[in-house]
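A.B. asks: Throw the hints in and build the complete structure from the sequences for me.
Each protein sequence line maps, in turn, to chains A and B. Taking this note's numbering, I'd label the letters of the first sequence as residues 1 to 119. Taking this note's numbering, I'd label the letters of the second sequence as residues 1 to 216.
FYI, nobody ran anything at the bench for these hints, they're computed from the structure. Please note that a few of the clues may not be correct.
As the list claims (entries may be wrong) - Taking lysine-lysine and the DSSO-like style, the derived pairs with C-alpha atoms no more than 30 Å apart in a straight line are:
(1) Lys182/B <-> Lys70/B
(2) Lys2/A <-> Lys40/B
(3) Lys64/B <-> Lys152/B
(4) Lys148/B <-> Lys182/B
(5) Lys38/A <-> Lys148/B
(6) Lys67/A <-> Lys2/A
(7) Lys38/A <-> Lys106/B
(8) Lys171/B <-> Lys214/B
(9) Lys190/B <-> Lys214/B
(10) Lys144/B <-> Lys67/A
(11) Lys181/B <-> Lys171/B
(12) Lys116/B <-> Lys63/B
(13) Lys63/B <-> Lys106/B
(14) Lys40/B <-> Lys38/A
(15) Lys106/B <-> Lys91/A
(16) Lys116/B <-> Lys70/B
(17) Lys182/B <-> Lys214/B
(18) Lys171/B <-> Lys152/B
(19) Lys67/A <-> Lys106/B
(20) Lys171/B <-> Lys182/B
(21) Lys106/B <-> Lys152/B
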Amino acid sequence: MKVLIVDDEISLAEILCQRLRLRSIDTDVVFDGESAIKYISNLEPDVMVLDLNMPGMNGIEVLRAVKRTNPRIQVIIFTGHGSEQDEHEAKGLGAHSFLMKPANVNVLLSHIMSAYSSR
Amino acid sequence: MTDQLRFVASILSIFTHELNNHTSIMNESAGLVLDLIEIKGNSEDCGFEQISSVTGGITNQIKKTTTLVKYLNRFAHRMDIPISNYELNEVVEELIMLMNRVLNQKEIQIDLDLIKDGLIIYGNPSVLQYVIFSIIQGFLSCLKSGDKIIIKTLSVDSNAEIRFQFNSEQKLSLDIMNADKKWDYSEYIKQIGAGIVFGAQGATDLTLTIPLVKEG
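C.D. replies: What follows is the structure, encoded as structure tokens:
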């Protein structure tokens with residue numbers, strides 16, 4: 001299983017990446033939406049953990065693009081500031097789940113496993 | 001809702017978003033330390049260096065959070081005594097620090113060029129912060145990623161000046177920015193005894209002029 005973390009909060013994304021790797025999850029990280037789109041044009045992760053509020057291309061725009069070009073990628077929205085409206089929109093666009101930060105890494109991991117098994 | 005209440009709510013919203021990010025980083029960092037102890041604790045490569053690096057990161061993050069909280073605390077306490085002598089640079093810097101997240105999100109760079117000698121003003125610093133916030137919001141409504149705002153404080157005769165200027169690849173003028181009336185500050189300029197001068201047609205700068213406290 002391959003996981004891609006997309007988050008502009010560099011420290012947070014890197015630490016999360018390390019924590020997943022320590023749990024033997026093959027994880028990569030990029031820090032903005034544009035890089036995520038570039039990444040998936042070369043490699044297809046099974047699961048994408050995606051922040052919503054990012055400079056440039058925001059999470060909803062990334063989700064829309066992912067579902068258009070690589071619909072098999074399961075997307076988990078992982079945000080500190082999402083509203084019910086954001087959750088409704090993200091799920092309408094095909095997000096697997098919507099998780100608020102901060103979250104226990106094992107909770108995130110269970111969402112990742114669930115997303116992976118739904119592929 | 002009154003303009004100033006909306007302003008305070010906006011600052012609080014920016015602050016709580018930022019604070020949530022800081023606590024998330026600390027939470028994940030502490031989690032990573034525990035992971036390293038649990039997963040690597042008994043192995044030869046027990047991850048001491050990594051643990052040391054992560055705990056250093058937590059300390060650094062706490063410093064950043066403490067600084068941000070200090071700015072918010074000072075911002076809030078400015079409303080305790082509405083009219084007082086205050087230092088202009090402190091008021092400007094404090095507001096910009098609290099707005100940092102919005103500027104970063106929009107990828108707008110802000111350059112502060114603050115005069116070295118403090119400029120003491122008598123009046124209501126919270127209203128001045130509202131005016132500065134509104135001017136910046138007007139700029140942000142038109143600027144795009146990569147653009148820049150320059151804020152300069154200076155002393156001219158018996159007045160303090162705050163000069164706002166923007167650099168943009170787009171051909172913008174202040175006329176367009178002032179069309180955004182979501183944050184209207186015209187009434188509040190009078191309240192703080194300030195004057196405002198817009199650059200000539202097509203200019204990218206405006207200057208806020210406030211009387212300085214007379215020495216002696």
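A.B. asks: All the hints need checking, so say for each whether the structure fits it.
C.D. replies: Do the hints match the structure? See the list:
{"no.": "1", "hint": "Lys182/B <-> Lys70/B", "result": "holds (29 Å)"}
{"no.": "2", "hint": "Lys2/A <-> Lys40/B", "result": "holds (23 Å)"}
{"no.": "3", "hint": "Lys64/B <-> Lys152/B", "result": "holds (25 Å)"}
{"no.": "4", "hint": "Lys148/B <-> Lys182/B", "result": "holds (21 Å)"}
{"no.": "5", "hint": "Lys38/A <-> Lys148/B", "result": "holds (27 Å)"}
{"no.": "6", "hint": "Lys67/A <-> Lys2/A", "result": "holds (17 Å)"}
{"no.": "7", "hint": "Lys38/A <-> Lys106/B", "result": "holds (21 Å)"}
{"no.": "8", "hint": "Lys171/B <-> Lys214/B", "result": "violated (41 Å)"}
{"no.": "9", "hint": "Lys190/B <-> Lys214/B", "result": "holds (20 Å)"}
{"no.": "10", "hint": "Lys144/B <-> Lys67/A", "result": "holds (27 Å)"}
{"no.": "11", "hint": "Lys181/B <-> Lys171/B", "result": "holds (20 Å)"}
{"no.": "12", "hint": "Lys116/B <-> Lys63/B", "result": "holds (25 Å)"}
{"no.": "13", "hint": "Lys63/B <-> Lys106/B", "result": "holds (25 Å)"}
{"no.": "14", "hint": "Lys40/B <-> Lys38/A", "result": "violated (34 Å)"}
{"no.": "15", "hint": "Lys106/B <-> Lys91/A", "result": "holds (25 Å)"}
{"no.": "16", "hint": "Lys116/B <-> Lys70/B", "result": "holds (22 Å)"}
{"no.": "17", "hint": "Lys182/B <-> Lys214/B", "result": "violated (35 Å)"}
{"no.": "18", "hint": "Lys171/B <-> Lys152/B", "result": "holds (22 Å)"}
{"no.": "19", "hint": "Lys67/A <-> Lys106/B", "result": "holds (25 Å)"}
{"no.": "20", "hint": "Lys171/B <-> Lys182/B", "result": "holds (22 Å)"}
{"no.": "21", "hint": "Lys106/B <-> Lys152/B", "result": "holds (21 Å)"}
When each numbered hint is compared with the structure, violations occur for hints 8, 14 and 17.
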